[in-house]
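Asks: Build out the structure end to end from the sequences listed, making use of the hints.
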Amino acid sequence: MIRGGIKLTSRISSVRHVELISVGGSSIVHFGDSVGVTPKAKGFAVQREVATFKKDEGDFSDPLFVEPIPTPLMTEKVRMNRFNELSFINVNRLHIISVGSASIIQIGSNRFIDAEARIKNTRQFISPPSKQNEQEER
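Take 0 as the starting number for the sequence shown in numbering that gives the first Met the number 0 and just add one per residue.
Simulated pairs of lysine to aspartate or glutamate, EDC-like, Cα-Cα distance not exceeding 16 Å:
1. Lys119 <-> Asp58
2. Lys41 <-> Asp58
3. Lys41 <-> Glu56
4. Lys41 <-> Asp61
5. Lys119 <-> Glu66
6. Lys39 <-> Glu115
What follows is a set of in silico ranges between Cβ atoms, one per label pair, in the way DEER data are often shown:
7. Asn83 <-> Phe111: 15 to 23 Å
8. Glu48 <-> Met79: 50 to 58 Å
9. Leu93 <-> Pro67: 33 to 41 Å
10. Phe87 <-> Thr51: 51 to 59 Å
11. Ala114 <-> Phe30: 15 to 23 Å
12. Val17 <-> Asn109: 17 to 25 Å
13. Lys76 <-> Val36: 23 to 31 Å
14. Ser21 <-> Ser126: 33 to 41 Å
15. Val45 <-> Leu85: 43 to 51 Å
16. Asn83 <-> His29: 12 to 20 Å
17. Thr51 <-> Ser9: 51 to 59 Å
18. Leu72 <-> Pro127: 39 to 47 Å
19. Phe82 <-> Gln123: 50 to 58 Å
Worth flagging that the hints you see were computed from the coordinates, not collected in a lab.
The beta-carbon is built from N, C-alpha and C at its ideal position, and this holds for glycine as well.
Replies: Here you go:
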């Protein structure tokens, strides 16, 4: 099969048993082939000493969320030879505790993956954290 100018070998993915506890936002669990996947996640994580909620919080126009992420330039030629002896991918047992935001679990072929998670973490304290607490966190 040819998609997007690249030949993809079609194979059958067989998974006998799966245990999956938690899948995060914008994550993908896929059994089989795909041309490409592009999971994206944006979020805020706010930790406050006193729980207060403001109506205007959560502005995704912050530069963290809108500035483009630079794409690394490929400066080296990559030559790859593949030999798939069988047209089956067999997995007996798969046990996954957690799949994070914009992550991928795939059993199969894939031409490209473009995953992106942008999370803004904020801590707000009434009084500055003590030196002892800072050292414990390190």
